[in-house]
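Chains as they are written, first to last, in the working numbering: chain E, 184 to 297; chain R, 77 to 192.
In case anyone wonders, no lab produced these hints; they're calculated from the structure.
Don't be surprised by glycine CBs; every beta carbon is placed ideally from N, CA and C.
You may find that some hints are simply not true.
Claimed, not checked - If you want the footprint, here are the derived chain E segments under chain R, 3+ residues with CB under 8 Å: (1) 225 to 232; (2) 254 to 262.
Said to hold, decoys possible - What follows is a list of derived Cβ distance ranges for each label pair: (3) R:96 / E:282: 39 to 47 Å; (4) E:207 / R:104: 30 to 38 Å; (5) R:128 / E:251: 34 to 42 Å.
To be verified - Computed far set for chain E versus chain R, every beta-carbon distance over 12 Å: (6) 199; (7) 265; (8) 282; (9) 297.
Read off the chains here:
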Amino acid sequence: SQQGEEDPQALSIQEGENATMNCSYKTSINNLQWYRQNSGRGLVHLILIRSNEREKHSGRLRVTLDTSKKSSSLLITASRAADTASYFCATGTNSGGSNYKLTFGKGTLLTVNP
Amino acid sequence: DTEVTQTPKHLVMGMTNKKSLKCEQHMGHRAMYWYKQKAKKPPELMFVYSYEKLSINESVPSRFSPECPNSSLLNLHLHALQPEDSALYLCASSQDFGGSSTDTQYFGPGTRLTVL
């Protein structure tokens, strides 16, 4: 079953605007990660936030994590056409013993129009 | 070097064929993964190898057979596939596999598989 659920499923904005994507999950996590995927290609890791962290920044990216609400958000500031891609949240969980798994949400398709 | 390479980039095979997908990393990572991704869907975990031993098999049909010859290589052997197995197959690696909260997975570009 899907652990992460992104919202919205699709987002279209103009270049220069900010883009916010949300992710909700159901069970306890070790960490939450955000990945980007350009059409039909491999995933690129963007940022990892641990379960005991509340906010993290990397360049134009800002990620928040609220474990009480089991939710995370990814903010991309001053968007560029090159940011057009699908964005996935992925929750890292232990399924018993040393079995650590990364479970991906359904993703948000971001389109940045020039 | 944070690169994971996968070959081939594209593969078309018939249902009676036997083929293999290959994945390689030289980052000294001890965990390697196979994911399957259907169009407009998220990646789904298939197998995990940790220190060259199979750690997780997500109830994948036996027509998919993984192999980890050494710590840098991961293969996925395919036999008697069905058209519904057509997908993007992604390989990934991470430094370790044991519940560390800092494990980032690095993905290859994938192999686009079409089963006729």
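Against the structure, the hints come out as follows:
no.: 1; hint: 225 to 232; verdict: holds (count 5)
no.: 2; hint: 254 to 262; verdict: violated (count 0)
no.: 3; hint: R:96 / E:282: 39 to 47 Å; verdict: violated (26 Å)
no.: 4; hint: E:207 / R:104: 30 to 38 Å; verdict: holds (35 Å)
no.: 5; hint: R:128 / E:251: 34 to 42 Å; verdict: holds (40 Å)
no.: 6; hint: 199; verdict: holds (28 Å)
no.: 7; hint: 265; verdict: holds (18 Å)
no.: 8; hint: 282; verdict: violated (6 Å)
no.: 9; hint: 297; verdict: holds (24 Å)
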